[in-house]
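What follows is each chain in one-letter form.
Protein chains: 2
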Amino acid sequence: MEEKKEPVILVTNDDGITAPGIRNLVEAVRGLGKIVVVAPDKPQSGMGHAITIGIPLRLHKVNVFDDIEAYQCTGTPVDCVKLAVDKILHQKPDICISGINHGANHSINVIYSGTMSAAVEAAIESIPSVGFSLLDYALEADFSAARKYARIIVEQMLKNRPDKHCVLNVNFPIATPEEIKGVKICRQAYAKYEEDFVERFDPHNRKYYWLTGEFVNFDEGTDTDVWALANNYVSVVPVQFDLTHYKLKKQLENDWNIFSKEG
Amino acid sequence: MEEKKEPVILVTNDDGITAPGIRNLVEAVRGLGKIVVVAPDKPQSGMGHAITIGIPLRLHKVNVFDDIEAYQCTGTPVDCVKLAVDKILHQKPDICISGINHGANHSINVIYSGTMSAAVEAAIESIPSVGFSLLDYALEADFSAARKYARIIVEQMLKNRPDKHCVLNVNFPIATPEEIKGVKICRQAYAKYEEDFVERFDPHNRKYYWLTGEFVNFDEGTDTDVWALANNYVSVVPVQFDLTHYKLKKQLENDWNIFSKEG
Numbered sequence: 001m002e003e004k005k006e007p008v009i010l011v012t013n014d015d016g017i018t019a020p021g022i023r024n025l026v027e028a029v030r031g032l033g034k035i036v037v038v039a040p041d042k043p044q045s046g047m048g049h050a051i052t053i054g055i056p057l058r059l060h061k062v063n064v065f066d067d068i069e070a071y072q073c074t075g076t077p078v079d080c081v082k083l084a085v086d087k088i089l090h091q092k093p094d095i096c097i098s099g100i101n102h103g104a105n106h107s108i109n110v111i112y113s114g115t116m117s118a119a120v121e122a123a124i125e126s127i128p129s130v131g132f133s134l135l136d137y138a139l140e141a142d143f144s145a146a147r148k149y150a151r152i153i154v155e156q157m158l159k160n161r162p163d164k165h166c167v168l169n170v171n172f173p174i175a176t177p178e179e180i181k182g183v184k185i186c187r188q189a190y191a192k193y194e195e196d197f198v199e200r201f202d203p204h205n206r207k208y209y210w211l212t213g214e215f216v217n218f219d220e221g222t223d224t225d226v227w228a229l230a231n232n233y234v235s236v237v238p239v240q241f242d243l244t245h246y247k248l249k250k251q252l253e254n255d256w257n258i259f260s261k262e263g
Numbered sequence: 264m265e266e267k268k269e270p271v272i273l274v275t276n277d278d279g280i281t282a283p284g285i286r287n288l289v290e291a292v293r294g295l296g297k298i299v300v301v302a303p304d305k306p307q308s309g310m311g312h313a314i315t316i317g318i319p320l321r322l323h324k325v326n327v328f329d330d331i332e333a334y335q336c337t338g339t340p341v342d343c344v345k346l347a348v349d350k351i352l353h354q355k356p357d358i359c360i361s362g363i364n365h366g367a368n369h370s371i372n373v374i375y376s377g378t379m380s381a382a383v384e385a386a387i388e389s390i391p392s393v394g395f396s397l398l399d400y401a402l403e404a405d406f407s408a409a410r411k412y413a414r415i416i417v418e419q420m421l422k423n424r425p426d427k428h429c430v431l432n433v434n435f436p437i438a439t440p441e442e443i444k445g446v447k448i449c450r451q452a453y454a455k456y457e458e459d460f461v462e463r464f465d466p467h468n469r470k471y472y473w474l475t476g477e478f479v480n481f482d483e484g485t486d487t488d489v490w491a492l493a494n495n496y497v498s499v500v501p502v503q504f505d506l507t508h509y510k511l512k513k514q515l516e517n518d519w520n521i522f523s524k525e526g
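Going down the list, the protein sequences come from chains A and B. All residue numbers in the first sequence are consecutive under the numbering used here, ending with 263. All residue numbers in the second sequence are consecutive under the numbering used here, ending with 526.
Possibly wrong hints are sitting among the right ones.
Said to hold, decoys possible - Chain B is nowhere near these chain A residues, computed Cβ spacing over 10 Å in every case:
1. E6
2. R23
3. K34
4. A50
5. I153
6. T176
7. E179
Stated by the list, open to error - Keeping only pairs whose Cα atoms sit at most 27 Å apart, straight-line, the calculated DSS-like set for lysine-lysine is:
8. A:K249 to B:K411
9. B:K510 to A:K164
10. B:K512 to A:K249
11. A:K207 to B:K324
12. A:K181 to B:K510
13. A:K34 to A:K87
14. B:K444 to B:K422
15. A:K181 to B:K513
16. A:K207 to B:K305
17. B:K524 to A:K92
18. B:K422 to A:K34
19. A:K148 to B:K524
20. B:K350 to A:K164
21. A:K249 to B:K513
22. A:K249 to B:K422
23. A:K92 to B:K512
24. B:K355 to A:K164
25. A:K261 to B:K411
26. B:K355 to A:K249
27. B:K324 to A:K42
28. A:K250 to B:K444
29. B:K297 to A:K207
30. A:K247 to B:K427
None of these hints come from the bench; they were simulated from the model. Built from N, CA and C at the ideal position, the CB exists for glycine as well.
Okay, chain A solo, but in the shape it has when bound (with noise of 0.2 Å):
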């Protein structure tokens, strides 16, 4: 009988390679197959699909997950990924996990979350993936349901092998193991942030802001993200990498003329 070959598994976050998400993550996932962490050297939270262009990047191995393989990379956590296939695992995972994220991702926050583009760039390389979220900010938040529930999506991934395209966000409540009522597949949020900078003036009298905001949710439905984990559910939210708005499209060539018909 042929011998099954471990899955292998990267890892990856946005908080950096020290941040108790990260850690929290391999615990979960202890196990299932060969790990390899790649992360940041710094928190880079908002980063979104950055990528570093302009400046070169470095990768060093570090010891700080006992007997996990660990680099630490100067770059986003884009960069992350495609460093982490093309020079250090020469081949492509079997999956590639990202977070635990300490702050929501759901509804809009995809979009701006470092977490949840590293998992979309391993889906666009063909590496099924989840980006894993806790609703909690806090450097001692509580990940003990966040790492039962996180194996048990690693484990269905692992087992099911969904689309080589397939990316999950999945978002934990602040809630105990005990008071979490399952998990839900959920559509994303419409919701989004009021902005509301604060304007200051430094010792020279100039003024500068900071990035503030009130998260608003505009979306009724009992299938969203939000619905989902203010009714302590896990939320996982299917997402996808083809942007086109295929019924905008559709309004745009019946209202608009000024499309060509050929080609």
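Take the given structure of chain A and dock chain B to it, following the hints.
Just chain B, lined up with the frame of chain A:
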């Protein structure tokens, strides 16, 4: 008769406020409304949907477009849109236009592009928007065809007032106005970059990496932006920011047994 209010046109980009591309975009739409420029003070290519949260932002009024109100910002393209609405315009503009980018933003580039992320950010904030890009990286690129078609598209947007969340990704081939065959509405091609980091050693013999990559189009369709551009059409792809992969959602709902049916 009530006097018709002049539309407000917010202009931004990711190559920075001194790039020829943004100057050409301002010239393209001159006369169509009140133009206000808020753009990065330095190149921000490849910044994707990054926002600045760890450091404060600065905003400086500059005089680079003669009679047109303009500001340079120390942040990312997305920061520029947020700051423009909250601190400069104090209202939503009628349209936000971004570019003209020096280099293609067709297919998967939409995800890495600061130009397109600025446009997407505007649409999240209920401001119809267009990102423009020319398939020529050169500083001295010929923008004459791009100017002509950018004006046609912005006129169309202002006249027909599409959905407030409408975002268009417009790319121009390298061609004269005479060579261009027309404007095609397209879907995003499935294409990606095959990474090949260049390894070098610094004077202290420490390794570093430069991100490079070869663009590979896997999409044979003749309805894609890549096809349109290769055939000398201007490509227009309507873009969405609901990243839910509905098809995969349905599939996983059926195939996986970990999801709760209640709630």
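The hints, checked one at a time:
The Cβ of E6 of chain A sits about 23 Å from the closest Cβ of chain B, beyond the 10 Å cut-off, so the non-interface label holds. For R23 of chain A, the shortest C-beta to C-beta distance to chain B comes to about 22 Å, beyond the 10 Å cut-off, and the non-interface label holds. K34 of chain A, annotated as away from the interface, keeps every beta carbon of chain B farther than 10 Å; the closest lies near 22 Å. With a cut of 10 Å on Cβ distances, A50 of chain A falls inside the contact zone with chain B, its closest approach being about 4 Å.
Not every CB of chain B lies more than 10 Å from the CB of I153 of chain A, the least distance being 7 Å, so the non-interface label is violated. At roughly 17 Å, the least C-beta separation between T176 of chain A and chain B is larger than 10 Å, which holds for a residue marked as non-interface. With a closest Cβ-Cβ approach of about 14 Å to chain B, E179 of chain A is found to remain outside the 10 Å limit, as its non-interface label requires. Note on K249 of chain A and K411 of chain B: the hinted pairing holds, with a Cα-Cα distance of about 22 Å set against a maximum of 27 Å.
For the proposed pair K510 of chain B and K164 of chain A, the alpha carbon gap of about 14 Å is at most 27 Å, so the pair holds. A threshold of 27 Å between alpha carbons decides the hint, and for K512 of chain B with K249 of chain A the separation of about 22 Å falls inside it, so the pair holds. For the suggested pair K207 of chain A and K324 of chain B, the alpha carbons sit about 12 Å apart, so the restraint of at most 27 Å is met. Pair hint K181 of chain A plus K510 of chain B holds up; C-alpha atoms about 25 Å apart against a cutoff of 27 Å.
Restraint check for K34 of chain A and K87 of chain A: the C-alpha separation of about 17 Å stays at or below 27 Å, so the hint holds. In summary, the hint linking K444 of chain B to K422 of chain B is supported, as the alpha carbons are separated by about 23 Å, within the 27 Å threshold. Simply put, K181 of chain A and K513 of chain B have alpha-carbon atoms about 21 Å apart, close enough for the 27 Å limit, and the pair holds. Of the supplied pair hints, the one linking K207 of chain A and K305 of chain B holds, its CA atoms being roughly 19 Å apart against a limit of 27 Å.
Only pairs whose Cα atoms come within 27 Å are accepted, and K524 of chain B paired with K92 of chain A is rejected, the gap being roughly 34 Å. Restraint check for K422 of chain B and K34 of chain A: the C-alpha separation of about 57 Å exceeds 27 Å, so the hint is violated. Only pairs whose Cα atoms come within 27 Å are accepted, and K148 of chain A paired with K524 of chain B is accepted, the gap being roughly 20 Å. For the hint pairing K350 of chain B with K164 of chain A, the CA-to-CA distance comes to about 43 Å; that exceeds 27 Å, so the pair is violated.
At roughly 23 Å between alpha-carbon atoms, K249 of chain A and K513 of chain B fall within 27 Å of each other, so this suggested pair holds. A C-alpha spacing of about 18 Å is found between K249 of chain A and K422 of chain B, which places the hinted pair at or below 27 Å, so the restraint holds. Of the pairs offered as hints, the one joining K92 of chain A and K512 of chain B holds, with about 24 Å between alpha carbons and a cut-off of 27 Å not exceeded. As the CA atoms of K355 of chain B and K164 of chain A are separated by approximately 40 Å, the hinted pair breaks the 27 Å bound.
A distance of roughly 20 Å separates the Cα atoms of K261 of chain A and K411 of chain B; the hinted pair therefore holds under the 27 Å criterion. A hinted pair counts as satisfied when its Cα atoms are at most 27 Å apart, and K355 of chain B with K249 of chain A qualifies at roughly 24 Å. As the CA atoms of K324 of chain B and K42 of chain A are separated by approximately 33 Å, the hinted pair breaks the 27 Å bound. Restraint check for K250 of chain A and K444 of chain B: the C-alpha separation of about 21 Å stays at or below 27 Å, so the hint holds.
Taken as a hint, the K297 of chain B and K207 of chain A pair is honoured in the structure, with Cα atoms around 26 Å apart against an allowance of 27 Å. Distance check on the hinted pair: K247 of chain A and K427 of chain B sit about 14 Å apart at the alpha-carbon level, within 27 Å; holds.
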